[in-house]
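> Residues per chain are reported as follows:
Protein chains: 2
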Amino acid sequence: MNTMVNLISKDIPTRWYNIIPDLPEPLPPPMDPKEGPSRIQNLPNLMIGECLKQEFSQENWMDIPGGILDLFMKAGRPRPLFRATNLEKRLNTPAKLYYKSEFFSPTGSHKVNTALAQCWYAKQQGFERVTTETGAGQWGTALAYAAAIAGLKCTVYWVRSVYNWKKDRLYLMKLFGADVHASPSPVTEFGKTLYDKNPNHNGSLGIAISEGLEDSQNDPKATYALGSVLNHVLMHQTIIGLETQKQFEIFDDYPDVVISCLGGGSNFGGFAIPFLGDVLKKGKKIKFIAAQSQVAPNLQGKYEYDFADYAEITPMLKMCTLGHRTDMEPIKGDGLRYHGSSPILSLLRHKGYIDTVAYPKDEKHVFENTKMFIEAEGWLPAPESAYSVCCAIDEALKCKDSGEKKVIAFNISGHGFLDLPGYQAVLGLK
Amino acid sequence: MNTMVNLISKDIPTRWYNIIPDLPEPLPPPMDPKEGPSRIQNLPNLMIGECLKQEFSQENWMDIPGGILDLFMKAGRPRPLFRATNLEKRLNTPAKLYYKSEFFSPTGSHKVNTALAQCWYAKQQGFERVTTETGAGQWGTALAYAAAIAGLKCTVYWVRSVYNWKKDRLYLMKLFGADVHASPSPVTEFGKTLYDKNPNHNGSLGIAISEGLEDSQNDPKATYALGSVLNHVLMHQTIIGLETQKQFEIFDDYPDVVISCLGGGSNFGGFAIPFLGDVLKKGKKIKFIAAQSQVAPNLQGKYEYDFADYAEITPMLKMCTLGHRTDMEPIKGDGLRYHGSSPILSLLRHKGYIDTVAYPKDEKHVFENTKMFIEAEGWLPAPESAYSVCCAIDEALKCKDSGEKKVIAFNISGHGFLDLPGYQAVLGLK
Chain A
30 MNTMVNLISK DIPTRWYNII PDLPEPLPPP MDPKEGPSRI QNLPNLMIGE CLKQEFSQEN
90 WMDIPGGILD LFMKAGRPRP LFRATNLEKR LNTPAKLYYK SEFFSPTGSH KVNTALAQCW
150 YAKQQGFERV TTETGAGQWG TALAYAAAIA GLKCTVYWVR SVYNWKKDRL YLMKLFGADV
210 HASPSPVTEF GKTLYDKNPN HNGSLGIAIS EGLEDSQNDP KATYALGSVL NHVLMHQTII
270 GLETQKQFEI FDDYPDVVIS CLGGGSNFGG FAIPFLGDVL KKGKKIKFIA AQSQVAPNLQ
330 GKYEYDFADY AEITPMLKMC TLGHRTDMEP IKGDGLRYHG SSPILSLLRH KGYIDTVAYP
390 KDEKHVFENT KMFIEAEGWL PAPESAYSVC CAIDEALKCK DSGEKKVIAF NISGHGFLDL
450 PGYQAVLGLK
Chain B
30 MNTMVNLISK DIPTRWYNII PDLPEPLPPP MDPKEGPSRI QNLPNLMIGE CLKQEFSQEN
90 WMDIPGGILD LFMKAGRPRP LFRATNLEKR LNTPAKLYYK SEFFSPTGSH KVNTALAQCW
150 YAKQQGFERV TTETGAGQWG TALAYAAAIA GLKCTVYWVR SVYNWKKDRL YLMKLFGADV
210 HASPSPVTEF GKTLYDKNPN HNGSLGIAIS EGLEDSQNDP KATYALGSVL NHVLMHQTII
270 GLETQKQFEI FDDYPDVVIS CLGGGSNFGG FAIPFLGDVL KKGKKIKFIA AQSQVAPNLQ
330 GKYEYDFADY AEITPMLKMC TLGHRTDMEP IKGDGLRYHG SSPILSLLRH KGYIDTVAYP
390 KDEKHVFENT KMFIEAEGWL PAPESAYSVC CAIDEALKCK DSGEKKVIAF NISGHGFLDL
450 PGYQAVLGLK
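Line by line, the protein sequences are chains A and B.
For the first sequence, our numbering begins at 30 and goes up steadily by one.
For the second sequence, our numbering begins at 30 and goes up steadily by one.
Mixed in with the good hints, there may be bad ones.
It does not matter which identical chain is meant; a pair holds if it fits inside one copy or across any two.
[Unchecked claim] Listed next, the in silico EDC-like pairs over lysine to aspartate or glutamate satisfying Cα-Cα at most 16 angstroms (straight line):
1) 393 <-> 423
2) 459 <-> 208
3) 196 <-> 79
4) 203 <-> 397
I should point out that these hints are in silico values taken from the structure, not numbers from a laboratory.
For reference, chain A alone in the conformation it holds in the complex (with noise of 0.2 angstroms):
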């Protein structure tokens, strides 16, 4: 029996999946505030242009430029997809479990695929620079990489508290040549006013964001990129789960429930909605789960107008929302400490097509579960992909005690090299 399918590089999808056309509903369009300026008409100088096209296309499917297919080959596309026959023995379910492997990205994380495509666009549109803000790290390590492979410069604004104590992922940053600066920074005016008054100032992904934002607008060359929520984002995610469904076709077998961790939603997105499509299009059954924290269960929250950003710069996004000024606790899986979820997945959860579990925010559940499929399958996931590992060990537990043999497929969105003392900490690891 077949461990892992593996594709050649020529099976590479080539063209990304635009579920827009397919929602049972018109997507709710952006919208501005009733009060100040409009943010609307403020997106083309903040957004690139092909990006910007993207995020408001009604076509079905979209061909991935040439130019963007040889870089997600440099980047080591397409990846593997295991079956998890050790973990299945392990856990003694009649279930199949079967993960695919963003964990093989260069900075760790799947983040890089939607960097590859914006760096790419960003340099056709003859721009030298790409400016981001970034929390955990994660996005701004991808862009930071994303921008080098592509031939443009790259300044990240990174919130100052986590700035400070991931030392190892800065360094990985300045290896691929970025300008990072802890934010509130003094070489914004905005992040000025704060770092003058507070140059220990522990900033946040709202203050981080305004000062991304501001360094592009003021400089011709450069633009501004994001990592996840909008619909162009998650488009261009979505070469995961199409890779996966081939890869699914070469294994024989389809997947019952589909399962990804889900803060913003480009991971869940770029994984789920080409099966989400198949629900839509084809009538296939499919249940689909949203692991989540208990600190940030946006899915859970009100479907409702809410700003995407603190500072409420941004145009307003019908989204499940906790609201766009709600205080959540530091936890592991910082990636999924997000306010509020893509439209498109809001609009579907909305709809009833997706369910949410959230962990509780000590993370001991997540991280013993995991534990569990480290031993077995020996790969590291991320803090924030270990939520899709647990959910998944979850179902197939259920599975044991149902009799039901389900086909469970679920996404690691990253490795874990870089996270260490945080499974340390949870797991009490000496």
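With chain A fixed as given, assemble chain B onto it according to the hints.
Same frame as chain A, now just chain B:
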């Protein structure tokens, strides 16, 4: 132009290549020293039966058992071969550069290839536990991983001076469920004599080997595993070069220069031996270069019988050696710090088939060249693998001067996600 060639699972090589019968003269056998007990007669008590058989085999090709092929696939084999198109452009060289991606390994290095084979054989032979020593930590992590996957317990004796500061790697071994002891430890007789005198004793590879051996010899359910130098270890690693040969066929190309870093020789051997076979049997002309450190340029040492360990527990092997009690200063590429090269590679070096280059101990040139690679290609090599990368770039720049369109193949034996402080220290990243 394709920048990456993958193989599908069914194209994984199903036989290992044993070069011994093809060597230009018979391989000198292990020898006992003039005094003391026979080390050779003791080998069956130290080694896994099948591995001992393989060590002296004259068979040219050995079928890889299906169970080991399954484990290789669980570990993500086959691994891609990349064409370094961005790096070529950056260097403005007429040379073509190809690199093999052992960095996709679950523990970060090529060491898993022989670890999985040895653990599978140990399990077949009825053992329940494997013991070993480790210095830099790559081998201990690989064996901890392989033991977990194969369903064995694992005990690692780890040189205390390294154990004390590589905490992340320790946590990784613990996640795989291994027992890890700082060596010298109080749990073996030999270790205890040293530990009782000084519980902070820094330890050495020789001491750790002695502890691993004593532990396994005192437990009939345990056996000992070695990660380099020996013939069977290099044979297990030939999976790397055999895959690479298939991938070069698909690229419709063939190397003029084959490069890898060399400590004990398992990575260099695994990558180069199938190509050395082409030279010996098919008359191909290839330049082989072992990339080494000036602190341990063992291929430039004397070709003579020497012990493989400081404590003189092993038989004597005919090796290119600096002397088994030579002091070698610590470097970031610590896995290259070994006094002797494997007997197979030493004979081929002695016969003029392998060149060697040794880089200065400050490692500046090595890491600076590697930073160029990282910026251009986006992958983060382990410090040891950085020597491979450095040498490949130096050769490509020679081609720029001479105008030669050489095809240069090099192996990146592992990733550097656990070694970012090393990059920081040498390059002064801030």
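> Would you mind marking each hint as holding or not holding in the structure?
Results of checking the hints against the structure:
1. In this homomeric assembly, residue 393 and residue 423 come within 16 angstroms of each other (Cα to Cα) only inside a single copy, at 14 angstroms, whereas the closest approach across copies is 49 angstroms.
2. In this assembly of identical chains, residue 459 and residue 208 lie within 16 angstroms of each other by CA distance solely across copies; the values are 11 angstroms between and 36 angstroms within a copy.
3. For the identical chains of this complex, residue 196 and residue 79 are neighbours neither inside a copy (34 angstroms) nor across copies (45 angstroms), given an alpha-carbon limit of 16 angstroms.
4. Proximity of residue 203 to residue 397 under the C-alpha cut-off of 16 angstroms is restricted to the inter-copy arrangement: shortest distance 13 angstroms between copies versus 33 angstroms within a copy.
In summary, the one numbered hint that this structure violates is 3.
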